[in-house]
Every structure is written in C-alpha cells, then in structure tokens.
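Could you put together the complete structure from these sequences and hints?
Residue numbers (the working numbering), protein chains in the order written: chain H, 1 to 577; chain C, 1 to 577.
Careful: at least some of the hints might be erroneous.
It does not matter which identical chain is meant; a pair holds if it fits inside one copy or across any two.
List of simulated lysine to aspartate or glutamate pairs, EDC-like, C-alpha gap at most 16 Å [claimed, not checked]: (1) 11 x 187; (2) 11 x 186; (3) 28 x 345; (4) 252 x 275; (5) 252 x 20.
Hints in this document: simulated from the structure, not taken from any laboratory. Nothing here was measured: the structure is a model prediction, and the numbers come from that model.
There are 2 protein chains.
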Amino acid sequence: MPVSDDLDGLKRRLAVARGEMPADLVIKNARLVNVLSGEIHDADVAVADGVFVGFAAGEAADTIDAAGRYLCPGFIDGHIHIESTLLSPPVFARAVAPHGTCAVVTDPHEIANVLGLPGIEYMLACSHDLPVTCYFMMPSCVPATDMATSGARLGAMDVAAMLARHPDRILGLAEVMNFPGVVAGDDMMLRKLIAARGRVIDGHAPGLTGRALDAYVTAGPGSDHECTELDEAREKLRRGLHVMIRQGSTEKNLESLIGLVTADNAGQFSLVSDDKDPTDLSREGHLNALVRQAVAQGLPPLRAVAMASINPARYFGLRRRGAVAPGYRADAVLVEDLESFAIAEVVLAGRRLGAWEFADRSCLTPPRAMRVGGEMTEARLAVPAASSRLRVIGIVPGQIVTEALILEPSVRDGLAVADPARDLAKLAVIERHKGTGNLGLGFVRGLGLKAGAIAGSVAHDAHNIIVAGMNDADMALAARTLMVSGGGFAVVRDGQVLAQVRLAVAGLMSDAPLEVVLSGLAALGAAYRELAGLPPEAEAHPFMAMSFLSLEVIPSLKLTDKGLVDVTTFGPVSLFA
Amino acid sequence: MPVSDDLDGLKRRLAVARGEMPADLVIKNARLVNVLSGEIHDADVAVADGVFVGFAAGEAADTIDAAGRYLCPGFIDGHIHIESTLLSPPVFARAVAPHGTCAVVTDPHEIANVLGLPGIEYMLACSHDLPVTCYFMMPSCVPATDMATSGARLGAMDVAAMLARHPDRILGLAEVMNFPGVVAGDDMMLRKLIAARGRVIDGHAPGLTGRALDAYVTAGPGSDHECTELDEAREKLRRGLHVMIRQGSTEKNLESLIGLVTADNAGQFSLVSDDKDPTDLSREGHLNALVRQAVAQGLPPLRAVAMASINPARYFGLRRRGAVAPGYRADAVLVEDLESFAIAEVVLAGRRLGAWEFADRSCLTPPRAMRVGGEMTEARLAVPAASSRLRVIGIVPGQIVTEALILEPSVRDGLAVADPARDLAKLAVIERHKGTGNLGLGFVRGLGLKAGAIAGSVAHDAHNIIVAGMNDADMALAARTLMVSGGGFAVVRDGQVLAQVRLAVAGLMSDAPLEVVLSGLAALGAAYRELAGLPPEAEAHPFMAMSFLSLEVIPSLKLTDKGLVDVTTFGPVSLFA
Chain H
1 MPVSDDLDGL KRRLAVARGE MPADLVIKNA RLVNVLSGEI HDADVAVADG VFVGFAAGEA
61 ADTIDAAGRY LCPGFIDGHI HIESTLLSPP VFARAVAPHG TCAVVTDPHE IANVLGLPGI
121 EYMLACSHDL PVTCYFMMPS CVPATDMATS GARLGAMDVA AMLARHPDRI LGLAEVMNFP
181 GVVAGDDMML RKLIAARGRV IDGHAPGLTG RALDAYVTAG PGSDHECTEL DEAREKLRRG
241 LHVMIRQGST EKNLESLIGL VTADNAGQFS LVSDDKDPTD LSREGHLNAL VRQAVAQGLP
301 PLRAVAMASI NPARYFGLRR RGAVAPGYRA DAVLVEDLES FAIAEVVLAG RRLGAWEFAD
361 RSCLTPPRAM RVGGEMTEAR LAVPAASSRL RVIGIVPGQI VTEALILEPS VRDGLAVADP
421 ARDLAKLAVI ERHKGTGNLG LGFVRGLGLK AGAIAGSVAH DAHNIIVAGM NDADMALAAR
481 TLMVSGGGFA VVRDGQVLAQ VRLAVAGLMS DAPLEVVLSG LAALGAAYRE LAGLPPEAEA
541 HPFMAMSFLS LEVIPSLKLT DKGLVDVTTF GPVSLFA
Chain C
1 MPVSDDLDGL KRRLAVARGE MPADLVIKNA RLVNVLSGEI HDADVAVADG VFVGFAAGEA
61 ADTIDAAGRY LCPGFIDGHI HIESTLLSPP VFARAVAPHG TCAVVTDPHE IANVLGLPGI
121 EYMLACSHDL PVTCYFMMPS CVPATDMATS GARLGAMDVA AMLARHPDRI LGLAEVMNFP
181 GVVAGDDMML RKLIAARGRV IDGHAPGLTG RALDAYVTAG PGSDHECTEL DEAREKLRRG
241 LHVMIRQGST EKNLESLIGL VTADNAGQFS LVSDDKDPTD LSREGHLNAL VRQAVAQGLP
301 PLRAVAMASI NPARYFGLRR RGAVAPGYRA DAVLVEDLES FAIAEVVLAG RRLGAWEFAD
361 RSCLTPPRAM RVGGEMTEAR LAVPAASSRL RVIGIVPGQI VTEALILEPS VRDGLAVADP
421 ARDLAKLAVI ERHKGTGNLG LGFVRGLGLK AGAIAGSVAH DAHNIIVAGM NDADMALAAR
481 TLMVSGGGFA VVRDGQVLAQ VRLAVAGLMS DAPLEVVLSG LAALGAAYRE LAGLPPEAEA
541 HPFMAMSFLS LEVIPSLKLT DKGLVDVTTF GPVSLFA
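Right, here's the structure in full:
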C-alpha cells in the first residue's frame, strides 16, 4: 500500500493526528527506541495510511498493546545481494520480513553479469511494491574483467540511463569494486562515477590505505563494507566513508570492527549482511541477528538499532524512513527485550506482518540464461598430460583466496585425471551466456570429493557453469543437468543425478518458496556428503567454495571459461607449467 | 571557482591525491576537528581544484603551516534571512566570510513579500557563484495574511515551479510559519507542502505541542528553529524534527536549549542565526560566535563544530560539504584554540580568503519597489478624535508581541495627536507595492520619541512604509524621503532630514559596502537618540521595534496599511473603541 500523497490522503492523516478520526493502528504502552532523540522513552504510537502520525493513543481499527515491550524502527539492510540468498525478490522479502526487515538496498551485480539490463529490470519489476522495500544500486563492474565471458557489459551510459529511468528505486552506483582502476584514473571507471554524480556511490576497497585510499575517496565512493581490521576501518572513517560493518554468511567482520564505534561517530556506521545464504537467513535471522550480536559485543542497544535503521536510511537519503516518528513510514519491530531482540510483532507500512499477503513465487516468468555452445560430452573434458608440472588451484579453507600450486599430475592413459587419494578434482568452467563453446579446464585440491561430480551455475562473477568431479562422465552429466534445468546445483554419481536444486531465475535464484529451496539445499548437502564420505552432521559448503574458484579478481589462481588465470599477474596461464 | 566535474578535472584531482602532481594548497601540521570520525587528530590536508583530496602533505602551490592550530570545516548557517542584515548578498558574503562562514541557507521571505518571484530571482542571480555559497529555501507564506497588502502572492504552483527551475540552489520549502493552517489541513498550505514533497521542508512552530505538533510534523516539516524552552525542544526532537538552535540579534535561545544536546542526539541539532543585524555581525561574528558560545555553555567543541558544519549539511542534503575529508569542498577555518575560536585563516573552496575577490556591491541593478498611491501629505495623516477610547499599540520592551491598550486620546483642534509627555506617537503604515493609496493610522506607546518622526520600509512581513512621529509634517516628510530614495530608514525633525539610510534593493537591503551601511546606521542611531533625548552611548533599536508593529501574525494589536488588526481575533478593529 503506497502512501497516498494527494491532498485528501494528507488531510486524513492530519485528522487522525489531531485525534478527530480513528487511526488504522495504535501501538500502546511501548518503550520506544527513539533513534532520533537518542533515548528510550514510553510512547503510544498512532498510524494512518501506512505512516506514523503521532504519539497519542486513541480510537483505532487495530490496537497492539506492547505491554512495555520495546518498539524499534524497522530494520534496513544497506548492502545485500539478493541473488546470494538464492531466493527471488518476493520470496526473499517474505523470508526477511518476520525478522523485522522493512527495506534493503540491493546490488543486482550477479544477475547483471548474467543478463545485463534486462536482469536488473527483472529484479526491479518483481520487487515492485513489496511490503519490504527493495531499493537498488546500479552495478558498477559488469563484467569484472575480460578474462572471463560474462553475459553482459554495462558502461557509463547504462549507469546514467538506469539512474534516470528509476530515480526513486535505484539510489546510486553499487560497490565500486575496481578500486585499482579508480585510483589509477581509468577512463571507464571515472565515467561511471561521473554518471552517478549527485547520487549515492558505494565503495568496496579491501585493504586500501594512504594516498591510494585518498584518491579512491576523492573519486566519489561514500562507503565501504570491506573493512576487516580496526585500523583499516579507522582510516576509512576519518576520510568520511560510511563504514558498513558486514556480518554475512561467510564474511564476518562485526567482532573486529565494533570497537571503533563511539558516541561521536556512531552515525557513520551501518550493519549489513552483503551475502547471506538462505539456510542462515532462516536459522539465524537477518538484521535482528546483527543487532543482537552487536549488543552482545557491548554496543549500547540504541546505537546498534540506529546502525540498522536510521543510519542506513540517512546514508542512502531515504526520506522519512528508519525511525518511529510522525510522517515516517510506519515500519516497526516490537521486541521482547534489548538483548535477545526476540521479535513479538512486525509492522510494515502500518500493517501487522500477518495482514500482508506475500507472493509465494516470483511474479514474472523467470528469465532463462543458459546458452552453451555445442554438446557437453565426456570427450571434451579430457586433459592430455603435457608435462609433469600441473598447475592446481589450492583451496584455502574458509577463504575465497586460493593458492597457486604446481603438482605432478595423476596420469591414466596419457590423460591427467582426478585423483580422490590426493583430493584432486578436475574442474571445468563452461561458458553459458553466448554459446561460444568456451570451456576452461583445470584441477583443484581441497574440495573433498571422493567420487562423482558437482556442478553449479552460481560462479562469481560471470556465473558460467562450473563443474568439479572425479570422472569426466559424471562431470558431463552434471553440466548437462544444469543445461536442461536452466541452471542451479547438481550432485551426480555413477551416471545418476543424486540431487539437484533448480535456480530458474537466470541460473542464480530459485522461483520456489523458501521451504522448497531449503529442503532442496538440504538434499543437495546430503548428496554431497555421500560423495565426500562425510557424516550426515558435517558442515560443508562445497558449492559456495566452488562458486569462488572462477572469480578472477581474487588471488591467486582461478579458472574461467577462457582457462586458468594467474590473478597476481592478471593474465592467462597454461595448465601445464 | 566551481568544481570541474569533467573527466580531466577528476583525473587531475586523483593525480594530486596519488602524489603525482603538486597540490593547489596544503595545510600541514593541523589538529583536525574531524566531525565524521568524531575525534580530533593530527593531519596534513591537501587540496586540488577546490576540493580536499587527501591527508598527505607534499608539494603544493601554496602551503599553510597550521603549527598545531585547529582545523575546522567551514561553517554553514542553516537558517538566515539575508535581508535582515540589510546587506545585498555579495556584501553579505564578504561580511561573513572572515568569520569562517562558507555557506548559508537563506529564506528570501522578505524580498518575496515585496517583489515576489522576481525578488527571489534577484537574490539567486546576485548570489550566484559567490565564494560563500548561498542556498535558498522557497518562501512558504507570501503573503502572511490578507490583512495587509503585500507586494506578491505565491502559491503552490510557484513553489513547484521554482523548485524545478533551481533544483541545485533552492533546497526546499522555507519555514512553514502558518502552522495553524497546516495543523487544520488548510488546502493552500497542504498544496505547498505537497509541491515540496521529497525536498527539505523547514518548520516554524513556536510553542506547538501534543496532537497539534503531531499533525504539523506529519504534514512534512523536518525542522524547527522557534524553540525557546527545553521541554518544547525535547518534544519536537522526539518527533524527529531537526532542532535549529537560534541565536540571532534579537532571539537568543542557545542558553535555554543547549542542555538538550547529548552524544546520542547531537546529529539532530544545528546552530543558526535567523535574523542578524549588520552591526552585530560585524562586532560579534557569525557562526564562529555561536560555536564559541555553545562551547562556553559546556558543549564539547567537536559537537559544537558539527552543529555548525556537517549537521546542517546533512539535514539539507548538501553532498560532500561540511567536513574536511577527501572529495569534500575545501572549506575550512583554522582557529587558534577551541575556546575562543579566534580565526587564524579561512579557506573557501580551496583558496585562502585573501585570494578571493569579492564584489563590493550588488552585481545587478537593484530592483526598486516603491509605488505609493497619491501624494503623501500632512493632511492625510490627520485623525479626528471620534471618542475618548483610543486603541493604542503598547510596545513590550525587547519583544515583538505588543499589548492592546485603550487610552484616552490627546486631542488638539478636534484631532487625536501624538503626545511626547505620554510617550504616545502617531503611527502610519503606507502601502507601497501596488499604489492602492491604502494608509493605516494608529498610535503606539513606548517608542521613546520626543520630537520629529522616523520612517522605515522594513516592516514585517508586507514591508510597507511605516512611520512614527510626534507631528504630521515630519511624518509626511519622513515617508516622502523613503518614497524618493526607494526605501530605507529616515529620521526627520522640524522639516529636516537628520539622517537616512538608503536601502536600494527593494527597500530592504543596501547595495553599499558593509562599512557604508554601518556608518549610515550609526548616524541614524545618533539622530534617533537626539530625537529621543538619549545620551550618545544609549542602546536603542527603534527601527527594529517599529518594523514589527505591522506584523499581523504576532499578538496582540498591530497596524497594517488596512488599519488596526486585533491578532487575537485575527480581524480588523477600529481605531476608537
């Protein structure tokens, strides 16, 4: 229900405020976490037309007796990639709303790399008017490099056009990851920054310091969510960057950074999740979990709540959101206490969560993006053993950087092959956007596979099909399974598909309800554990680990559809040294 | 010098940031008052193209050795009426710059009431590209009421058109003074608010509380600068209003309100001056004086500086202004200490103040606004004594509210006349915008005149000619003096003009340099003191006191060109009861 900003609507809201008409909703006897006045005080709160209209109780169509519970503003996630949740936007919204999330700012970087502008338009269209507002940032780095084939290429004109076309929904330029390009004054990057002039520009500059950081900040980015060290964050804070403390499913920086937040600088911080997998989301919660963790680390609750509400709202220039005050959108979370932040009630745009109808599925026909050149046969995966020095990608547990190893190949019939005894899997990246027939082949150590193959169409940033396996037949079948389904994940052994999750939206997101996605992922995990010989209770994230093996901007050795990439020299290298 | 936002300019700034090109200016060995990181730390600061580009010293065309002095961001006044300084915008800018002011947000309410849109356009045009940036707000209440004849009438369409026409210079809707209209849901007021939707809307709601305040805030205003009591300010703060603590030449609220500012809410406050007379400005300073006073009242310096820099910048959405950080406009004030805030150097857009050339006078032909209907003769000022119960405006010293008195008239030849023995002056308000010939007549007690007459064309809000005197001949001469000069102030005795200040810009502002205005005002004061029989050292502000006698929205009894107004009933009343 959008706020009706016409005269009659405003008159009605004023009449409710004056007490001359009943409110739509009154929340009485609350302890209000007032992020504007910086205090927690008793309050009754009235709502009309989805907007708070004052602090007086009275007649109302619906009344919530807070009975002394704490009323917080709805939570706002200033940086999240919805694609990482594997959920389509409507399903995502339905998944986060019970955790008190009322708005997110999302960077559709993944789908943009697959489908370009139509992908972004899809995300916009199917998140239009959800009870949880999805604001967008315009991806700045599509493609990440030319060392992989991605589905699209977006330039400065695209940035300018999209910002002009969706002024209220696209807030600015998304995380500017090509920080070396910005610092060096690369034309294309600067043109994108200039195209976003006057709008919000998010930064992404892990470890950048000193004069290079000066140059980066001078160029325009106003935030950073890549700080991992306190000193790094302090240096960025002093230069005026809004520091988004990230606590996602893989990257967790809250404990390291929270100590930097003081009374005098708290307004410069937000809590964000960046990448959150659906199992985590469902189990731990969303921003409510981050607020809880921040408080557990010693941050005063008022400040923690502000970092998940008014602070991101202000940073992004979201007018009249992020606080409980007259004229603000009536998003609020009633929590039992300021320690557990256990949620008693969620109000979105003035209505209880239960009164909202959420679509179960995507609202639109999910866009397919699966165009592989040629048949995917076993024969194409063969690797003749050309020498005794094989380059191998070494997985570093829990990290997305890899090692560049040189090992002796395991050879059978003149071919370099996977070898479970050495935890050595064959790896293939199959171009899926343009039908080029590109196929990159390599080897990886540390995935833990003992048999069969696994495949995924989530493979940063170009999101080609990535397959790892112990034999070529299973690898080819795993890849073909995704080619047929339109993308997703698959686990294959001995010519049989043990489990698969279909990601019908661009091979990145499911169009199914949350429960279906969760049970699919559980089955997938079970199948993988079978292949890896792990007990049922073992934690393992092979698809996530695999999805970063093709990310050619993170050191050291990666595989794209064009072959092996040495990230330290930013160039291709041969499979055999 | 505007920031060149083209590619080459940005490249140059990045090259300076990287240390590969010399900076335009380096300020080294400073103690930086960092309002973003909430700390004071040592820093060198480099500038290129009028923008800060980093925290590294190096080669530079100009270097300032701060020698441990404190570097504050340039000061920003979030609410000031330039007209009240009697200075044209360029002269105003030159007057405030030495006090460290780098930007003001001004409401051209006075000139709009005289000249309408052309008056606003004049202010915009002649403040364009000054080293001290003049941002504007679109006046919301022109005219204030229909009980006086003002020079213009601005509606919601005018608001919408001007906001669209000057999106970068007019930030939103100026102080919405007609708060009863807003609360009651008056169509015209709501249409103006809707026209400014999405932009900044300033409030003005003295004493408003409870449900009425709820309604007012719901309608849109985001700030208030009319708080006089701590409890009043707290109530507004809780409702999310940005509280502008006003410390002007007449209204001084700093001492009463400063205690409300805490570490957790400081971001919601700014320091503003509202109305500042040129003598004050020249003697005491501008925001530097407010910061000094706030610190003297116990506010931590970091917080006081933020309230005069980053806080107003954020409230008004001024991107990359209000702090010393890379990419921010290079406005800074070097002060000796954080107690006196004595200014050692001012840098505006990257250049020392001394390097700027300021125009001495207005840049454009000052617009005249002086159209009086008929001759201004002594005869027209005669008041036949109709009864023994004369309504008299009673001045309350130091306040703009007046008393509604009923006194026996002093009668001569059947006419009610002024009477120095009773401190009773005749008062006339002469319509000067449309040549209607309107002439309001009345009496005032408490001006202190003993002979002659004084006249002024500054008379809130309609700014007709207001004349007070002890005889009709001098009153008529005083009025004619302004009619000839185009407006200003005059002191007349025995048929002689003792002193006058010409306000060539719409009868509100001078087009002369500051020194000329100051000496003119000094002469005017001396002449008045002669008329009042006061010693030369006596403080007196008769023209200011007189300028509020026609302000028909402030109780109790006022005089407009249409006659006496009883403000409590909001209607006209006769001169004789």
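Hints, verified against the model:
1. Proximity of residue 11 to residue 187 under the C-alpha cut-off of 16 Å is restricted to the inter-copy arrangement: shortest distance 9 Å between copies versus 51 Å within a copy.
2. Proximity of residue 11 to residue 186 under the C-alpha cut-off of 16 Å is restricted to the inter-copy arrangement: shortest distance 9 Å between copies versus 52 Å within a copy.
3. For a Cα distance limit of 16 Å, the shortest separation of residue 28 from residue 345 inside one copy, 13 Å, qualifies, whereas the shortest one across copies, 54 Å, does not.
4. With identical chains, the CA atoms of residue 252 and residue 275 are at most 16 Å apart within one copy only, with a shortest distance of 10 Å there and 51 Å across copies.
5. In this homomeric assembly, residue 252 and residue 20 never come within 16 Å of each other (Cα to Cα): the closest approach is 50 Å inside a single copy and 36 Å across copies.
This entry does not satisfy hint 5, going by the numbered hints stated previously; all others are met.
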